Amino acid sequence: MTLFERSSKELQEGLHNGEFSIADLTNEAFARIENLDGDVQAFLALNKDKAAEQAAEMDKVPFEQRGPLFGLPIGVKDNIVTEGLETTCASKILEGFMPIYDATVVKKLREAGMITVGKLNMDEFAMGSSNENSAFKTTKNPWNLDHVPGGSSGASAASVAAGEVPFSLGSDTGGSIRQPAAYCGVVGMKPTYGRVSRSGLVAFASSLDQIGPITRNVYDNALLLEAIAGVDPNDSTSANVPVPNYVSKLDGDIKGLRIAVPKEFLGEGVGDAARNAVLEALEVLKGLGATVDEVSLPHSKYALAAYYILSSSEASSNLSRFDGIRYGYRAEGVKNLMELYKETRAQGFGDEVKRRIMLGTYSLSAGTYDAYYKKAQQVRTLIKEDYDKVFENYDVIVGPTAPTAAFKVGENVDDPLTMYANDILTIPINLAGVPAISIPCGFDNNLPLGLQIIGKHFDEETIYRTAFAYEQATEFHHQTPQIWEGK
Amino acid sequence: MAKLSKEEVKHVAHLARLAITDEEAEKFAEQLGKITDFAQTLNELDTTNVKPTSHVLPIVNVMREDVAQKGLDRDVMMLNVKEQVDGQVKVPPILED
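Taken in sequence, the protein lines are chains R and P.
Position 372, counted from 1, in the first sequence is what numbering that gives the first Met the number 0 calls 371; the numbers after and before it change by one each time, with no gaps.
Position 29, counted from 1, in the second sequence is what numbering that gives the first Met the number 0 calls 28; the numbers after and before it change by one each time, with no gaps.
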């Protein structure tokens, strides 16, 4: 049993009634990590001393000055920079890197009174779907330690699922928040591109990356997005669009909601368990007064190829900054500058990162640029138009988050293309730039399955309303893995 | 065009400033070949006259007021530099003798 089975509201009540203090909550996080992280392997760095100091200070703040997230612990994915707390992107090339400023989202967490307890493992530079591409450790799925937690924000999802922390931040370039949220049975939101500032997020693919919240329930997720969203002068791609008060709109009423179900999301490549769980979820949503129609997103099957070309091209440019000169790993015993670059990068990057840098470099080369990069950008336009068209007549699009439940550790490591196929249902959403959430909607062999709800640009509100109504009508979010009870 | 030769991979690795061994070049040639093969599926689509999307939001040239702002402290910025002399970053020789 842990305090973290409670929602943010219940935790605030406990603080208010004097049942426990903010220091107790912080201690609970570190005690849970101490007890469980030997198995889960989620944390790369802990912020123990500063968190304790911060908690002691915050316990003195009068209740009337506290917001709904005040004093609550959170874990942060290790590609989000935290001043004075090592940030590595789970790469050897950034081992020991000490950020000299906080990402905008980290500043916002502090303004909301949240306490960062540590940094969470990931696939190196967010490239991967299993956390097996981390240079340091392989995070495990709390529901079954033989299985992966998903990726790349695998540890962000696993730490919340294991009750080590009640909140975490992840990042999502092609499904990296939603797929692990589905695999670990938690709630993960990829906001609209531009909704959350990327300042201080180590860039993978700048036109696709978004930071988003991972939590145990929809209400808390909405609360956390509200806290981190908004335009930021330090990110010129952040959008100047007002951030609604999401939680005030969560009333469970979705009568008349128009749901589109793309036939491509329930067809070839999608497992029976995932398909059936979604079909059952649609019945629940119909029962709540929504209408459901089948639609087509005809270019869906081209999304994966377009994504790998575009994201790798952007990555090859973004990752050129890791050269051994100003920060991070530096190769020794080299005789000139060119050798320093080449050896530093060869020794510092893992294989998947190298593959993508080379794929991107190749796609952008003279002679291949038009056939690969430009072609993929044109296909991106077609995919985006598919979504625009469906959203002319529908409020949300619903489907599975991933084709199956979590696969086994080691099962896909040697085959990049099979590994990439785990993301076929999440990637098109990033290409279109629209927001989408994954919420728990069932189990397959005691491993969670996720329901994906996709919305219009900047309409996270309707996604949250739909997800909340579904959650209230079901019990999946109350279930916890066995490991939850501690050892 | 899909199949990548070992020599092509070595050339790309050089452009990307990655040292690469013969065995690695062979392994990556096969893996990247599969991925570029797969990318050929995009050619099933006629994209004549389709505008490329580089960015999903209709924003261009975001400007701020032309007023000087304080940057990060110089000493702090040198915090992660491995080799430095007199506040400057030190690198190996750029030109050969």
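It is possible that some hints are incorrect.
Keeping only pairs whose Cα atoms sit at most 27 Å apart, straight-line, the calculated DSS-like set for lysine-lysine is [said to hold, decoys possible]:
#	chain 1	residue 1	chain 2	residue 2
1	R	LYS91	R	LYS8
2	P	LYS89	P	LYS69
3	P	LYS33	R	LYS407
4	P	LYS69	R	LYS353
5	P	LYS50	R	LYS353
Chain P is nowhere near these chain R residues, computed Cβ spacing over 12 Å in every case [to be verified]:
#	residue
6	MET57
7	GLY66
8	GLY288
9	ALA375
10	ARG379
11	ASP394
12	THR403
13	LEU430
14	ASP458
By construction, these hints were calculated from the structure, which means they are not laboratory data.
Note that this is a predicted model, so its numbers are computed, not measured.
Positions of the beta carbon are idealized from the N, C-alpha and C atoms, including for glycine.
Here's how the hints hold up against the structure:
1. R:LYS91 to R:LYS8: violated, 40 Å
2. P:LYS89 to P:LYS69: At roughly 26 Å apart (the allowed maximum being 27 Å), P:LYS69 and P:LYS89 satisfy the hint.
3. P:LYS33 to R:LYS407: Distance of about 23 Å is within 27 Å: holds.
4. P:LYS69 to R:LYS353: Cα-Cα ~37 Å, so violated.
5. P:LYS50 to R:LYS353: It is violated: about 30 Å lies between the C-alpha atoms, which goes past 27 Å.
6. MET57: Since the minimum Cβ distance to chain P is about 26 Å, R:MET57 lies beyond 12 Å and the statement holds.
7. GLY66: The claim stands: R:GLY66 keeps its Cβ more than 12 Å from every Cβ of chain P (closest is about 29 Å).
8. GLY288: holds, 32 Å
9. ALA375: violated, 7 Å
10. ARG379: Check fails; 4 Å does not lie beyond 12 Å.
11. ASP394: holds, 20 Å
12. THR403: The assertion about R:THR403 holds, with a minimum of 20 Å to chain P.
13. LEU430: At about 8 Å from chain P, R:LEU430 fails to clear the 12 Å cut-off, so the statement is violated.
14. ASP458: Per Cβ check, R:ASP458 is outside 12 Å of chain P; nearest 14 Å; holds.
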